[in-house]
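Enquirer: Residue-level listing of the chains:
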Amino acid sequence: MSLVEIRGLSKSFRKGDETISPLVDVDLDIEQGDFVSLMGPSGTGKSTLLNLIAGIDRPIAGTIKVAGTEVTSKSRGQLADWRAANLGYIFQTHNLIPVLTAYENVELPALLLPLSRSDRHKRVLTALEAVNLLDRANHYPRQLSGGQEQRVGIARAIVANPTIVVADEPTGSLDAETSEQIQVLLGRLNHELGMTMLLVTHDPNVASIAGRKLRLDRGRIIELPKSDSIRKIGAAG
Amino acid sequence: MLPFAPYVIKSLWRHRARTILTVSGAAVAIFVFCFVGSVQEGMDRLTNSEDAKQTLIVFQENRFCPASSRLPEDYVRRIRELPGVKEVVPIQVWTNNCRASLDIVVFNGAPPTKLRQTRDLKLLSGSWEDFGARRDAALIGKAVAQRRKLSVGDQFTIGDLSVKVAGVFASPIAAEENIIFTSLEFMQLRRGQSLAGLVTQLEVALDPNTDPDALAKTIDQTLRAGPVATTTRRKGAFQASTLADLVDLIGFAHWLGFACIGLVLSLVATTTVMSVQDRIKEHAVLQTLGLRPARVFRLVVVESVIMCTIGGLAGTTIAIAILAWSGLSVGAEGVTIAFRPSWTLASIGIGISLSVGVAAGVIPALQAARTQIVTALRA
Numbered sequence: 001m002s003l004v005e006i007r008g009l010s011k012s013f014r015k016g017d018e019t020i021s022p023l024v025d026v027d028l029d030i031e032q033g034d035f036v037s038l039m040g041p042s043g044t045g046k047s048t049l050l051n052l053i054a055g056i057d058r059p060i061a062g063t064i065k066v067a068g069t070e071v072t073s074k075s076r077g078q079l080a081d082w083r084a085a086n087l088g089y090i091f092q093t094h095n096l097i098p099v100l101t102a103y104e105n106v107e108l109p110a111l112l113l114p115l116s117r118s119d120r121h122k123r124v125l126t127a128l129e130a131v132n133l134l135d136r137a138n139h140y141p142r143q144l145s146g147g148q149e150q151r152v153g154i155a156r157a158i159v160a161n162p163t164i165v166v167a168d169e170p171t172g173s174l175d176a177e178t179s180e181q182i183q184v185l186l187g188r189l190n191h192e193l194g195m196t197m198l199l200v201t202h203d204p205n206v207a208s209i210a211g212r213k214l215r216l217d218r219g220r221i222i223e224l225p226k227s228d229s230i231r232k233i234g235a236a237g
Numbered sequence: 001m002l003p004f005a006p007y008v009i010k011s012l013w014r015h016r017a018r019t020i021l022t023v024s025g026a027a028v029a030i031f032v033f034c035f036v037g038s039v040q041e042g043m044d045r046l047t048n049s050e051d052a053k054q055t056l057i058v059f060q061e062n063r064f065c066p067a068s069s070r071l072p073e074d075y076v077r078r079i080r081e082l083p084g085v086k087e088v089v090p091i092q093v094w095t096n097n098c099r100a101s102l103d104i105v106v107f108n109g110a111p112p113t114k115l116r117q118t119r120d121l122k123l124l125s126g127s128w129e130d131f132g133a134r135r136d137a138a139l140i141g142k143a144v145a146q147r148r149k150l151s152v153g154d155q156f157t158i159g160d161l162s163v164k165v166a167g168v169f170a171s172p173i174a175a176e177e178n179i180i181f182t183s184l185e186f187m188q189l190r191r192g193q194s195l196a197g198l199v200t201q202l203e204v205a206l207d208p209n210t211d212p213d214a215l216a217k218t219i220d221q222t223l224r225a226g227p228v229a230t231t232t233r234r235k236g237a238f239q240a241s242t243l244a245d246l247v248d249l250i251g252f253a254h255w256l257g258f259a260c261i262g263l264v265l266s267l268v269a270t271t272t273v274m275s276v277q278d279r280i281k282e283h284a285v286l287q288t289l290g291l292r293p294a295r296v297f298r299l300v301v302v303e304s305v306i307m308c309t310i311g312g313l314a315g316t317t318i319a320i321a322i323l324a325w326s327g328l329s330v331g332a333e334g335v336t337i338a339f340r341p342s343w344t345l346a347s348i349g350i351g352i353s354l355s356v357g358v359a360a361g362v363i364p365a366l367q368a369a370r371t372q373i374v375t376a377l378r379a
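Note that the protein sequences, when read in sequence, are chains Y and L.
As numbered in our numbering, residues 1 to 237 make up the first sequence, in order.
As numbered in our numbering, residues 1 to 379 make up the second sequence, in order.
It is worth saying that the hints were derived from the structure and are not from the lab.
Glycine residues also receive a C-beta, built at the ideal position from the N, C-alpha and C atoms.
You may find that some hints are simply not true.
[As the list claims (entries may be wrong)] Label-pair restraints from in silico Cβ distances:
{"#": "1", "chain 1": "Y", "residue 1": "Gly194", "chain 2": "L", "residue 2": "Gly262", "range": "39 to 49 Å"}
{"#": "2", "chain 1": "Y", "residue 1": "Asp119", "chain 2": "L", "residue 2": "Ala294", "range": "49 to 59 Å"}
{"#": "3", "chain 1": "L", "residue 1": "Gly262", "chain 2": "Y", "residue 2": "Thr126", "range": "50 to 60 Å"}
{"#": "4", "chain 1": "Y", "residue 1": "Asp17", "chain 2": "L", "residue 2": "Gln372", "range": "46 to 56 Å"}
{"#": "5", "chain 1": "Y", "residue 1": "Arg120", "chain 2": "L", "residue 2": "Trp343", "range": "20 to 30 Å"}
{"#": "6", "chain 1": "Y", "residue 1": "Ser145", "chain 2": "L", "residue 2": "Gly262", "range": "43 to 53 Å"}
{"#": "7", "chain 1": "L", "residue 1": "Trp343", "chain 2": "Y", "residue 2": "Phe13", "range": "56 to 66 Å"}
{"#": "8", "chain 1": "Y", "residue 1": "Ser145", "chain 2": "L", "residue 2": "Ile322", "range": "29 to 39 Å"}
{"#": "9", "chain 1": "L", "residue 1": "Ser326", "chain 2": "Y", "residue 2": "Leu113", "range": "30 to 40 Å"}
{"#": "10", "chain 1": "Y", "residue 1": "Gly8", "chain 2": "L", "residue 2": "Phe258", "range": "55 to 65 Å"}
{"#": "11", "chain 1": "L", "residue 1": "Thr270", "chain 2": "Y", "residue 2": "Asp27", "range": "33 to 43 Å"}
{"#": "12", "chain 1": "L", "residue 1": "Ala321", "chain 2": "Y", "residue 2": "Leu193", "range": "34 to 44 Å"}
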């Protein structure tokens, strides 16, 4: 059984008089430990699919199962609990809480888990260490660079040791050099920690760090052939 | 909720000027609410206390100001003979202001021995012996002493009356602490007056199980044939009637208290709504991270409750401190309403702050909890 099983997924919404259907009868399987990139031009429904998997949006038809749990049938509250325990979400624009330090931002999802204070502390330190930001733990977002902020966002996504990490254009707001560092970091998390990742991007270069590349075209998913050009990011870290 | 305390506190501190102004506004409104509440409590104590229900006041018929009521002192003996009467105290009243005033001074001249027997006065300084020994000696209530900065041994003059302080007393009846007691003889024979044998009113203490209203009728009927007709009422009814104009005003002030609560509600609700609207995306992020909508709701309500409670605590504390320190009172026609702090008042002030905090947070909290995550993240 796949970690993520998507069957007959459709999503449409109205925009004025027009009905837009970014996803039409989509089927997809993602295996445990996969690093999947989902490409496609802007507005093709990449982020919509990612949001549906994350349970922050609702499909009009179809089912999504993650590790055997049917996400599409849960209530808002149940979905929140499920995300706290199973899902890490990396945003394009970091979305850190400005009044909290890097440590406190990373700690937020861990506060929702049944952990002792010392276990929580260890988890936060481990996550910050994984993104090489232990020395910035007490800094506020405004005191960090864009790349550092995104690394805090990544640490926050992995602190609960989630079943799957989804990333929505995580390098979209970064310069080329910082973007490269973040790609390396994501690759390391997949290789070294075995985290299943779904990365949404419109940039083929970013998508090339993934072992499996998908393309969303007119509401349907097309699997791109594996190529030798996949970058060996694990070694680069 | 405790693990999220740093987030809540830091969120409040994010717009510190706005938070401080809101807390200050809540403090001022709760301060006014407590002050108005203390006036109402004073009025209730005055009209509904055991003393007010079980003591009768005999006044000259159709007279309302103490300066115009003159009863023969001999009425004491005639009333004392009636069944159900425990004691009768003749009182000559003088006040520096018959109209409503915040600094009214009321002198009550009564026989010192009867005063000591019938009133539960606790001397804080001075002695009963000194009070009995000098004709111009006065026992002054602690509120008057506090307000006028008087202590034992001081000589002071108000109007035509010049007295020496023989003692400062506390009383379980707060309004009594605004009274200055002298001997009846001193008041009757004060300069420029010839009131020997006359008193302003008679205070009648009843035996247990005596019906006050029936006895009041009997007293008026008994004295109808005398030189001056009387009106006898329970002390509470007498005081309420004397303060009728103030009672209306206090009734109006009651609405002012409610207006203050409404003010706090709208002030804190507005600030919380603004705070939520500033953080629509942040609440969507929190829900994406796994916070249930119900938890987001509670976080917002807690922010509102904290602002309201800090403001309420400050307002209540300042009000209670000023009430305790100032010994303020308002009075008319020789009857005073004491503004006193009380635990009940403090509890009501804090309780209302908490409740208003919850009420003010509900709508913004619902707004935050119902955030459409995807829409808010795109904002």
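Enquirer: Hint by hint, note whether the structure agrees.
Expert: Hint by hint, here is what the structure shows:
In this structure the hint that Gly194 (chain Y) and Gly262 (chain L) lie 39 to 49 Å apart at CB is violated, the actual value being about 59 Å. Restraint check, Asp119 (chain Y) to Ala294 (chain L): a C-beta distance of roughly 25 Å breaks the suggested window 49 to 59 Å. A hinted range of 50 to 60 Å holds for the C-beta pair Gly262 (chain L) and Thr126 (chain Y), which are about 51 Å apart. In this structure the hint that Asp17 (chain Y) and Gln372 (chain L) lie 46 to 56 Å apart at CB is violated, the actual value being about 22 Å.
Between Arg120 (chain Y) and Trp343 (chain L) the Cβ separation comes to about 42 Å, which falls outside the hinted range of 20 to 30 Å. Look at Ser145 (chain Y) against Gly262 (chain L): about 48 Å separates their beta carbons, and that is inside 43 to 53 Å. Under the hint 56 to 66 Å, the C-beta atoms of Trp343 (chain L) and Phe13 (chain Y), about 59 Å apart, fit the expected range. In this structure the hint that Ser145 (chain Y) and Ile322 (chain L) lie 29 to 39 Å apart at CB is violated, the actual value being about 53 Å.
Take Ser326 (chain L) and Leu113 (chain Y): their Cβ atoms lie about 55 Å apart, and the range 30 to 40 Å is violated. Under the hint 55 to 65 Å, the C-beta atoms of Gly8 (chain Y) and Phe258 (chain L), about 59 Å apart, fit the expected range. The hint said 33 to 43 Å for the Cβ distance between Thr270 (chain L) and Asp27 (chain Y), and at roughly 50 Å that hint is violated. Distance hint check: the CB atoms of Ala321 (chain L) and Leu193 (chain Y) are about 60 Å apart, inconsistent with the given range 34 to 44 Å.
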